[in-house]
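Colleague: Heads up: the sequence lines are chains A and B, in that order. The opening residue of the first sequence carries number 1 in my numbering; numbering runs sequentially from there. The opening residue of the second sequence carries number 456 in my numbering; numbering runs sequentially from there.
Among the hints, erroneous ones may be present.
Heads up, simulated SDA-like pairs for lysine to any residue below, C-alpha to C-alpha not over 25 Å straight-line [said to hold, decoys possible]:
1) A/Lys177 to B/Pro747
2) A/Lys289 to B/Leu633
3) B/Lys553 to B/Glu821
4) B/Lys632 to A/Ser184
5) A/Lys139 to B/Glu821
6) B/Lys744 to A/Lys139
7) B/Lys805 to A/Ile351
8) B/Lys632 to A/Ser167
Because the hints were derived from the structure by calculation, they are not lab data.
Protein chains: 2
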Amino acid sequence: MLSRPQTITIIGAGLNGPLLGLSLAKRGFRVEIYERRPDMRRVRIEAGRSINLALSTRGIHALQTAGLWDSLRNLIIPMKGRMMHSIAGELTFQPYGKDEAEVINSISRAELNVALMNAAEVQGAAIHFDQRCIGFELKSGALRLRHEESRQETTLESNVVIGCDGSASAIRHEMLKLNRFNFSQQYLDYGYKELTIPSKLNGGHALEKHALHIWPRGSFMLIALPNVDGTFACILFLPFEGPDSFATLTRHWDVVKFFEGRFPDVVPLTPHLTDNYFTNPTGTMVTIKCSPWYVEGKSLLLGDAAHAIVPFFGQGLNCGFEDCTQLLELLDRHGLDWPRVFKEFDQKRKINTDAIADLAIENFAEMRDRVADPRFLFRKQVELALEARHPRQFVPKYAMVTFHRIPYSVALARGAIQDRILSEICDHIGRIEDLDWAKAGRLITTQLTPLEQEQ
Amino acid sequence: MLSRPQTITIIGAGLNGPLLGLSLAKRGFRVEIYERRPDMRRVRIEAGRSINLALSTRGIHALQTAGLWDSLRNLIIPMKGRMMHSIAGELTFQPYGKDEAEVINSISRAELNVALMNAAEVQGAAIHFDQRCIGFELKSGALRLRHEESRQETTLESNVVIGCDGSASAIRHEMLKLNRFNFSQQYLDYGYKELTIPSKLNGGHALEKHALHIWPRGSFMLIALPNVDGTFACILFLPFEGPDSFATLTRHWDVVKFFEGRFPDVVPLTPHLTDNYFTNPTGTMVTIKCSPWYVEGKSLLLGDAAHAIVPFFGQGLNCGFEDCTQLLELLDRHGLDWPRVFKEFDQKRKINTDAIADLAIENFAEMRDRVADPRFLFRKQVELALEARHPRQFVPKYAMVTFHRIPYSVALARGAIQDRILSEICDHIGRIEDLDWAKAGRLITTQLTPLEQEQ
Numbered sequence: 001m002l003s004r005p006q007t008i009t010i011i012g013a014g015l016n017g018p019l020l021g022l023s024l025a026k027r028g029f030r031v032e033i034y035e036r037r038p039d040m041r042r043v044r045i046e047a048g049r050s051i052n053l054a055l056s057t058r059g060i061h062a063l064q065t066a067g068l069w070d071s072l073r074n075l076i077i078p079m080k081g082r083m084m085h086s087i088a089g090e091l092t093f094q095p096y097g098k099d100e101a102e103v104i105n106s107i108s109r110a111e112l113n114v115a116l117m118n119a120a121e122v123q124g125a126a127i128h129f130d131q132r133c134i135g136f137e138l139k140s141g142a143l144r145l146r147h148e149e150s151r152q153e154t155t156l157e158s159n160v161v162i163g164c165d166g167s168a169s170a171i172r173h174e175m176l177k178l179n180r181f182n183f184s185q186q187y188l189d190y191g192y193k194e195l196t197i198p199s200k201l202n203g204g205h206a207l208e209k210h211a212l213h214i215w216p217r218g219s220f221m222l223i224a225l226p227n228v229d230g231t232f233a234c235i236l237f238l239p240f241e242g243p244d245s246f247a248t249l250t251r252h253w254d255v256v257k258f259f260e261g262r263f264p265d266v267v268p269l270t271p272h273l274t275d276n277y278f279t280n281p282t283g284t285m286v287t288i289k290c291s292p293w294y295v296e297g298k299s300l301l302l303g304d305a306a307h308a309i310v311p312f313f314g315q316g317l318n319c320g321f322e323d324c325t326q327l328l329e330l331l332d333r334h335g336l337d338w339p340r341v342f343k344e345f346d347q348k349r350k351i352n353t354d355a356i357a358d359l360a361i362e363n364f365a366e367m368r369d370r371v372a373d374p375r376f377l378f379r380k381q382v383e384l385a386l387e388a389r390h391p392r393q394f395v396p397k398y399a400m401v402t403f404h405r406i407p408y409s410v411a412l413a414r415g416a417i418q419d420r421i422l423s424e425i426c427d428h429i430g431r432i433e434d435l436d437w438a439k440a441g442r443l444i445t446t447q448l449t450p451l452e453q454e455q
Numbered sequence: 456m457l458s459r460p461q462t463i464t465i466i467g468a469g470l471n472g473p474l475l476g477l478s479l480a481k482r483g484f485r486v487e488i489y490e491r492r493p494d495m496r497r498v499r500i501e502a503g504r505s506i507n508l509a510l511s512t513r514g515i516h517a518l519q520t521a522g523l524w525d526s527l528r529n530l531i532i533p534m535k536g537r538m539m540h541s542i543a544g545e546l547t548f549q550p551y552g553k554d555e556a557e558v559i560n561s562i563s564r565a566e567l568n569v570a571l572m573n574a575a576e577v578q579g580a581a582i583h584f585d586q587r588c589i590g591f592e593l594k595s596g597a598l599r600l601r602h603e604e605s606r607q608e609t610t611l612e613s614n615v616v617i618g619c620d621g622s623a624s625a626i627r628h629e630m631l632k633l634n635r636f637n638f639s640q641q642y643l644d645y646g647y648k649e650l651t652i653p654s655k656l657n658g659g660h661a662l663e664k665h666a667l668h669i670w671p672r673g674s675f676m677l678i679a680l681p682n683v684d685g686t687f688a689c690i691l692f693l694p695f696e697g698p699d700s701f702a703t704l705t706r707h708w709d710v711v712k713f714f715e716g717r718f719p720d721v722v723p724l725t726p727h728l729t730d731n732y733f734t735n736p737t738g739t740m741v742t743i744k745c746s747p748w749y750v751e752g753k754s755l756l757l758g759d760a761a762h763a764i765v766p767f768f769g770q771g772l773n774c775g776f777e778d779c780t781q782l783l784e785l786l787d788r789h790g791l792d793w794p795r796v797f798k799e800f801d802q803k804r805k806i807n808t809d810a811i812a813d814l815a816i817e818n819f820a821e822m823r824d825r826v827a828d829p830r831f832l833f834r835k836q837v838e839l840a841l842e843a844r845h846p847r848q849f850v851p852k853y854a855m856v857t858f859h860r861i862p863y864s865v866a867l868a869r870g871a872i873q874d875r876i877l878s879e880i881c882d883h884i885g886r887i888e889d890l891d892w893a894k895a896g897r898l899i900t901t902q903l904t905p906l907e908q909e910q
């Protein structure tokens with residue numbers, strides 16, 4: 001495609017870097033990816049910091065476009081809904097979607113990462129490991145790297161530098177020095193801790209395999225996602241301070257007592273509970289917003305580097321992959337006019353990444369608290385019934401985000417309208433048989449435009 | 456007071472540093488202030504970056520407590536209200552307060568700074584100039600400084616370090632590296648440019664001396680504050696981009712035409728208009744919020760370093776001085792329990808500095824746009840009438856912020872209630888004679904508690 005290939009430098013070989021790299025290599029660019037960590041295909045990665053990911057429509061679409069989806073199917077476990085665990089051990093299942101096709105897919109971050117790196121290399125992208133970005137001269141485009149073992153420093157120049165280096169982005173750190181760079185980082189008062197539920201002796205899953213398990217406890221929660229090896233990745237979300245918090249759970253016996261009191265059905269499934277708890281680090285969760293994401297046509301931030309979000313809508317991965325999809329679409333439309341591509345990407349995309357950031361924070365309260373409320377489950381049931389009757393107008397907020405590629409900002413806005421409609425028709429009834437369908441239809445058709453027009 | 460004096464290190468000899476320093480020296484501490492710039496009493500300061508300040512009740516209270524107010528009186532010019540200039544040259548005066556005592560006071564930032572530095576030194580605080588803070592080890596408290604001329608670096612330790620080093624704070628920059636440090640910087644899309652209106656040949660002021668002059672033009676504005684030497688410090692606030700913006704006003708002739716069209720009465724008063732315009736830098740305006748402001752009992756951010764705000768409520772100085780007042784009160788209450796002092800300061804103060812940050816942004820639209828609207832002036836008239844009838848309950852928002860020491864957060868909340876009441880009683884009438892006083896009284900007494908209870 002290009003007579004003399006342009007070099008595109010990508011910082012970070014996490015999930016977005018390799019996906020973007022392989023798609024750019026396909027288009028004839030010379031792609032050089034620099035990654036701070038060692039090659040995880042050769043060196044064992046550290047445990048306890050890798051929440052399993054939930055791959056859904058936006059992420060799958062990007063993988064399909066890159067021709068990777070079919071080869072990944074054996075790495076995923078479809079999860080059909082939420083399985084809520086009460087303290088008494090009662091289970092309640094609530095489907096995510098309107099049918100069997102609307103599922104989210106549990107996948108190990110490490111396995112997905114390996115598959116993407118392999119594919120990028122096959123396509124001709126070069127990945128350089130142990131290379132920490134220690135400086136980026138925004139004017140000249142000169143990048144300073146330091147090899148993590150030899151400590152040797154190199155400086156290189158590139159036509160374009162794309163920062164796919166995550167929430168602690170080194171590229172963004174340099175952009176902070178720019179005049180009029182807007183930036184915000186807001187941490188949740190909650191941390192997380194990864195624990196493991198081993199497989200059964202026969203290798204099978206110890207809990208229902210095709211569900212995301214939630215132990216909602218109001219101000220905190222435990223969740224579990226299935227792995228293909230029969231284990232569950234279990235994550236405890238707990239406040240840093242206060243009565244039930246990481247600050248108070250500091251002794252072996254306190255942790256055991258806490259789990260026995262709050263999650264009694266989990267204790268027999270987690271023989272290494274306290275080992276896990278005291279060995280694994282406590283993670284933090286941050287929302288990052290910044291603007292602009294680019295410097296002329298020279299550099300761009302993408303994925304968590306531009307807009308880190310909290311994990312409660314399972315959209316971090318999917319949102320990053322959608323960044324790749326949309327950037328590539330603009331590149332195909334505008335050719336090598338990088339200043340225009342980057343500017344339009346920022347203009348089109350930021351409103352949507354801001355929206356999913358807010359939706360993700362909203363969804364935390366839903367997961368840890370409201371899913372335990374029968375009124376909430378009733379509303380979910382009504383939502384599905386309304387979608388069945390008005391599929392072009394009333395799509396539940398969760399579905400717009402997870403099973404469609406409707407812009408996140410549209411999902412946020414329509415979701416708010418739908419919430420008001422639901423309150424108006426559900427708040428005084430307790431059974432779906434008592435629903436005033438005519439009134440619901442009237443509210444929907446007057447307040448919600450058909451969805452096709454907005455996509 | 457102390458048997459062996461503790462050393463308190465203050466970074467920054469701007470306005471807050473010397474005020475806090477002298478008050479701490481009075482209490483028996485050894486105070487060392489390090490300032491990046493040269494001593495402005497010996498070296499001419501750069502022009503064009505020093506908006507005049509408007510000293511009001513909160514700032515005056517702090518200066519009175521420090522015993523400095525009386526000696527500053529000859530440096531100030533009281534401004535009794537806003538003088539609006541229409542394009543046709545018509546003048547409209549709107550008083551700031553309910554009587555002659557409610558005025559704001561124009562003062563030169565440089566002159567106030569010199570007075571404060573002199574007073575701090577008299578009290579025994581040492582000020583070290585040309586010393587740039589280039590690092591601060593949060594754990595050990597070790598501070599690294601570099602002399603701006605000799606380039607010599609020194610490291611020093613201190614019991615307590617207080618960052619009074621403004622919106623680009625070096626101390627805050629180090630705190631950004633802390634885990635879970637919340638931070639946001641948001642720039643306005645507007646810049647500002649300082650211009651000068653010289654005094655008349657006889658040394659007098661070329662415009663009404665006891666007013667803050669405003670040329671409100673909707674999407675931009677010009678303001679002018681009187682100086683004691685007969686000049687006015689004039690500031691143009693203009694968008695960075697767009698039709699009337701710093702981006703388009705790049706040629707000599709464009710600037711002249713712009714002023715002739717938009718501010719015709721200013722042109723004859725500004726013989727050096729284009730010189731000023733092209734020589735003086737274009738300033739940016741940023742709102743900074745962060746949390747927490749302290750690291751244990753070792754360091755604290757204060758003033759703009761903790762909470763920079765835009766200048767449109769004239770509260771940057773007053774808010775910083777109120778920080779000093781409240782920190783000293785907590786110190787007097789809790790003694791040398793620095794962890795407790797810093798924690799309570801943050802808890803008590805941040806809610807109020809967040810509020811004034813939002814109020815300052817709100818007030819920009821009021822100054823550049825709404826002050827030109829007769830409806831707005833009518834509402835201001837009604838506000839004063841309501842205050843005269845209900846002085847303990849209805850105090851205009853501007854007055855709560857400027858002439859009282861009511862917490863900013865209370866002013867924000869009560870201001871919102873009052874705005875709704877004003878809309879309800881003003882929106883359908885055009886003369887104060889038609890006001891429904893009984894209804895107004897009813898709304899006020901049911902919705903607003905007496906103010907004494909909230910102070």
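Colleague: All the hints need checking, so say for each whether the structure fits it.
Modeller: Outcome of the hint check:
1. For the hint linking A/Lys177 to B/Pro747, the alpha-carbon distance of about 22 Å falls within 25 Å, and the restraint holds.
2. Under the criterion of a C-alpha separation no larger than 25 Å, the hint pairing A/Lys289 with B/Leu633 is consistent with the structure, at around 18 Å.
3. Only pairs whose Cα atoms come within 25 Å are accepted, and B/Lys553 paired with B/Glu821 is accepted, the gap being roughly 19 Å.
4. About 14 Å separates the Cα atoms of B/Lys632 and A/Ser184, which keeps this hinted pair within 25 Å; it holds.
5. The hinted pair formed by A/Lys139 and B/Glu821 fails the criterion: a straight-line CA distance of about 38 Å is larger than 25 Å.
6. Only pairs whose Cα atoms come within 25 Å are accepted, and B/Lys744 paired with A/Lys139 is rejected, the gap being roughly 29 Å.
7. Of the supplied pair hints, the one linking B/Lys805 and A/Ile351 is violated, its CA atoms being roughly 29 Å apart against a limit of 25 Å.
8. For the proposed pair B/Lys632 and A/Ser167, the alpha carbon gap of about 13 Å is at most 25 Å, so the pair holds.
In this structure, the earlier hints numbered 5, 6 and 7 are contradicted, and the remaining ones agree with it.
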